[in-house]
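Protein chains in written order, with the numbering used here: chain A, 1 to 98; chain B, 99 to 494; chain C, 495 to 776.
To be clear, the hints were calculated from the coordinates, so they are not data collected in a lab.
A few of these clues could be false.
Calculated cross-link-like contacts (lysine-lysine; reagent style BS3-like; alpha-carbon spacing at most 30 angstroms) [claimed, not checked]:
1. B:K310 to C:K547
2. C:K721 to A:K16
3. B:K117 to C:K771
4. B:K350 to C:K509
5. C:K565 to B:K362
6. A:K16 to C:K681
7. C:K737 to C:K756
8. C:K565 to B:K370
9. B:K310 to B:K376
10. B:K243 to B:K376
11. A:K16 to C:K540
12. B:K350 to C:K540
13. B:K350 to C:K565
14. B:K117 to C:K772
15. C:K509 to A:K16
16. C:K772 to C:K692
17. C:K547 to B:K350
18. C:K565 to B:K310
Keep in mind that this is a model prediction, so the values were computed, not measured.
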Amino acid sequence: MPIRGRRPLNLSRFLKPVGRPAVNINVCKGCGFCIEFCPVGVLEFSDGVNVWGYQYPVVRRGMEYSCVNCGMCERVCPELAIEVVEEPSIPYEVRWVE
Amino acid sequence: MSERISLLATERAEEWLLKPGVYFMQGNIASAEAALIAGCRFFAGYPITPSNEIAEHMSRRLPQVGGYFIQFEDEIASVNAIIGAAYGGVKSMTATSGPGFSLMQEAIGLAAMIEAPIVIVDVQRAGPSTGIPTLVGQGDIMQAKWGSHGDYEVVAYLPNSVQEMFDLTIEAFNTAWEYRVPVIVLADQSVGQMIERLRVPPLDEIKIVERKAPTVPPEEYLPFDSRYLVPPMAVAGEGYRFHVTSLLHTDKGYPTTSHEHSVKLITRLIRKIRENEKIIGRYEALALDDADLVVVAYGITSRSALRAVREARREGLKVGLFRPITAWPFPYWGLREAVDRGAKILVVEINMGQMVRVVREYYSNLVEIHFMPWAPGAVPRPHDILLKIKEVYGGE
Amino acid sequence: MSSGLRLGLRTESIKSLLRLERFPHIWCPGCGIGTVVKCFAEAVLKSDIPVEKHVVVSGIGCTSRAPGYLKLDGFHVIHGRATPFAVGLKTVRQDLEVTVIAGDGDILAIGGNHFIHAIRRNDDINVILVNNFIYGMTGGQYGPTTTKGSVTTTSPYGYIEGSFNVPYLAAALGANFVARWTPLHTKELTAAMLEMFKVDGFAIIEVVSPCLIYGEMNNLPPLEVMKLFRDRTVIDHEADLSKIDIDLRNPGKPIVLGNFVKRSRPSYQTLVRELIKKARGR
Numbered sequence: 001m002p003i004r005g006r007r008p009l010n011l012s013r014f015l016k017p018v019g020r021p022a023v024n025i026n027v028c029k030g031c032g033f034c035i036e037f038c039p040v041g042v043l044e045f046s047d048g049v050n051v052w053g054y055q056y057p058v059v060r061r062g063m064e065y066s067c068v069n070c071g072m073c074e075r076v077c078p079e080l081a082i083e084v085v086e087e088p089s090i091p092y093e094v095r096w097v098e
Numbered sequence: 099m100s101e102r103i104s105l106l107a108t109e110r111a112e113e114w115l116l117k118p119g120v121y122f123m124q125g126n127i128a129s130a131e132a133a134l135i136a137g138c139r140f141f142a143g144y145p146i147t148p149s150n151e152i153a154e155h156m157s158r159r160l161p162q163v164g165g166y167f168i169q170f171e172d173e174i175a176s177v178n179a180i181i182g183a184a185y186g187g188v189k190s191m192t193a194t195s196g197p198g199f200s201l202m203q204e205a206i207g208l209a210a211m212i213e214a215p216i217v218i219v220d221v222q223r224a225g226p227s228t229g230i231p232t233l234v235g236q237g238d239i240m241q242a243k244w245g246s247h248g249d250y251e252v253v254a255y256l257p258n259s260v261q262e263m264f265d266l267t268i269e270a271f272n273t274a275w276e277y278r279v280p281v282i283v284l285a286d287q288s289v290g291q292m293i294e295r296l297r298v299p300p301l302d303e304i305k306i307v308e309r310k311a312p313t314v315p316p317e318e319y320l321p322f323d324s325r326y327l328v329p330p331m332a333v334a335g336e337g338y339r340f341h342v343t344s345l346l347h348t349d350k351g352y353p354t355t356s357h358e359h360s361v362k363l364i365t366r367l368i369r370k371i372r373e374n375e376k377i378i379g380r381y382e383a384l385a386l387d388d389a390d391l392v393v394v395a396y397g398i399t400s401r402s403a404l405r406a407v408r409e410a411r412r413e414g415l416k417v418g419l420f421r422p423i424t425a426w427p428f429p430y431w432g433l434r435e436a437v438d439r440g441a442k443i444l445v446v447e448i449n450m451g452q453m454v455r456v457v458r459e460y461y462s463n464l465v466e467i468h469f470m471p472w473a474p475g476a477v478p479r480p481h482d483i484l485l486k487i488k489e490v491y492g493g494e
Numbered sequence: 495m496s497s498g499l500r501l502g503l504r505t506e507s508i509k510s511l512l513r514l515e516r517f518p519h520i521w522c523p524g525c526g527i528g529t530v531v532k533c534f535a536e537a538v539l540k541s542d543i544p545v546e547k548h549v550v551v552s553g554i555g556c557t558s559r560a561p562g563y564l565k566l567d568g569f570h571v572i573h574g575r576a577t578p579f580a581v582g583l584k585t586v587r588q589d590l591e592v593t594v595i596a597g598d599g600d601i602l603a604i605g606g607n608h609f610i611h612a613i614r615r616n617d618d619i620n621v622i623l624v625n626n627f628i629y630g631m632t633g634g635q636y637g638p639t640t641t642k643g644s645v646t647t648t649s650p651y652g653y654i655e656g657s658f659n660v661p662y663l664a665a666a667l668g669a670n671f672v673a674r675w676t677p678l679h680t681k682e683l684t685a686a687m688l689e690m691f692k693v694d695g696f697a698i699i700e701v702v703s704p705c706l707i708y709g710e711m712n713n714l715p716p717l718e719v720m721k722l723f724r725d726r727t728v729i730d731h732e733a734d735l736s737k738i739d740i741d742l743r744n745p746g747k748p749i750v751l752g753n754f755v756k757r758s759r760p761s762y763q764t765l766v767r768e769l770i771k772k773a774r775g776r
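Make the full structure from the sequences, and use the hints.
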């Protein structure tokens, strides 16, 4: 989440959780819920389609470290098509995007 | 399962059951008491004349044996509730008459499709529609077999006395739980509401059939295992975690549309009863060995016909009586020998022609089949039947 | 919602309760029922009741297909009759936790009579009513919760009938627990289901769901409806139930969610146990 305005003085003492959305491509039905309800906006529809002809979610280019592992996409998906894998947390300084 | 039984509070239930002995009892009450002896611990019903005595008696007696009674909002709820109870592993029944029986047809199809053991007592009254609620009819014979849509088999009993109301209700439970099939006790208002001598034997002389439980662990269990004609039945809450659906299903219970499964399942549901018809089907034959005319009658009509047949014999006519005790499967084989000898058949029933069609189906190409219809609302008197016997007999 | 309960809904944890060999499931893209099934699986696993004591019963329709995907004792019976089946089963097996999962047409139209009487008796069953305002499985006919003006396959000129306000109806009949949530509010929905299991008496959760079929005819695609659930819902547990009917197409009408009713009228099953004791002279 971009931090607008205020920046905690001790931000360097905290790590940002990171997740990696893992998509089960051929289970997805292209409803778009995960894309819409990701609080960071990490996902977008793919260019191609899966075997059923549906577009599926992919991580936007440049946002590979932006997922905060909240799991909203996983919760709101009606299909079991997307899960979030926990990745090592990173310092805020490195990937803080305005 | 001790925990489940304790919730039913059935300890010491035997103390509350009808003691062995001779009683002077109404047919409906006898049926209710028989159900309790057979192990019925759930009754769901809706008031309808002339079956109300069964519900009223059950409302008083079931709590005494630790069972449950619910008067539901309609017959449809009642019959669906007893199917639910059956899948809880508890013997259950309902009681109704013609109009209520019509309402229950969809659920009878459900019970047949998901192989749920239930007992329905249909105390037939004059129809069609509201008819004459307080007087006798025998108009549900066909409905018992064909009332629901699709192909399925049921078993239906035809008691003709208070003793048979008792005996056949117990047998109904045994058949239901042995073959996992809905069973109907097709009583009629006369037999249900007459009061007669009833002999209750000692409990250890009464055969009671229990559910055949699965013998394999849950991972291997198939709720509709087609390797069995009657698959062992798991019930809810014992860890089997099986799926039951009213859709066409595979052995595992999952829905399917494949014709291969339709062939497998539907054939088995039919074969389950047809291949055992000579065990399940019952009849009583009187003076058939030399009969030139066989009177076919059931329920209260058979009592009247018996008198008529005896009168006819006294007058020198060689008449016999064939009394089906099961309407379905129809015990056609009991007539075979008489038919082979060329005997005529006269079917007497309190309707405009139901069982006669079944008899015709088997034997109309071999012998003359005569029919004496009787409009519902009264029992044909022995004299009426005797006149018809003479008319048919003399027409040789 | 208690703070001690972590409701993360990690898919991995609920897979043990799903019949994965039957996935992908039959529901349309954007249908909320899949999410309801997942929330239910999580609630079952987190409840204090052993998994084998949970039973699901359903009627006919899209929502009623849910038991087929849950690895629990499940009974997919006939249209409208899940409620009496569940009542019969629960009465004779009070050790079981029985939940009916069915749709608006199944429970309120053909099953309407059983619904009102089960609540009147206060039968100890749970009902998850997924309300998508349509008869989806049969292609999109109107039902007793369809909003006035909707276009459906049997109301091509617009629906002219009134529709049920489910929480109002259930509360007026005397249900012990009444809640309404959406497939977007997964945490609240799961928490409500956990509450529901603890209730002795009739408990119902209405889950307002998007539907592709309804949406196609009424310009309400599932994603738009889910956005409505984010932007136009109000959580008010004390809401005046007579005013919380739903009209998805009216931008001025918020969708009110919450755990509305929590009562403790004794359940029928409790009363009948006492009756048996009395009858046996104890």
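query: Within a Cα-Cα threshold of 30 angstroms, do K16 (chain A) and K540 (chain C) meet the stated pairing?
result: Roughly 29 angstroms separates the two Cα atoms, so the pair holds.
task: For the pair supplied as a hint, K737 (chain C) and K756 (chain C), confirm whether the alpha-carbon distance does not exceed 30 angstroms.
output: Answer holds: K737 (chain C) to K756 (chain C) is near 19 angstroms, not above 30 angstroms.
message: Can you confirm whether the C-alpha distance between K509 (chain C) and K16 (chain A) stays at or below 30 angstroms?
response: holds (29 angstroms)
field: Satisfaction of hint between K362 (chain B) and K565 (chain C), Cα-Cα up to 30 angstroms
entry: Answer holds: K565 (chain C) to K362 (chain B) is near 25 angstroms, not above 30 angstroms.
- prompt: Is it true that the CA of K772 (chain C) sits at most 30 angstroms from the CA of K692 (chain C)?
  reply: With Cα atoms ~26 angstroms apart, K772 (chain C) and K692 (chain C) stay inside 30 angstroms; holds.
- prompt: Straight-line Cα separation of K350 (chain B) and K509 (chain C) no greater than 30 angstroms?
  reply: This hinted pair holds, its Cα atoms lying about 19 angstroms apart.
message: Holds or violated: K547 (chain C) and K350 (chain B), Cα atoms, limit 30 angstroms.
response: holds (20 angstroms)
- prompt: Is K350 (chain B) within 30 angstroms of K540 (chain C), Cα to Cα?
  reply: holds (27 angstroms)
message: Please verify whether K16 (chain A) and K681 (chain C) have alpha carbons no more than 30 angstroms apart.
response: holds (23 angstroms)
message: Holds or violated: K310 (chain B) and K547 (chain C), Cα atoms, limit 30 angstroms.
response: Within the cut-off at roughly 21 angstroms; holds.
30 angstroms limit on alpha-carbon distance, applied to hinted pair K310 (chain B) and K376 (chain B): Answer holds: K310 (chain B) to K376 (chain B) is near 21 angstroms, not above 30 angstroms.
field: Satisfaction of hint between K310 (chain B) and K565 (chain C), Cα-Cα up to 30 angstroms
entry: Holds. K565 (chain C) to K310 (chain B) sits at ~23 angstroms (cutoff 30 angstroms).
Checked against the numbered hints given earlier, this structure breaks none of them.
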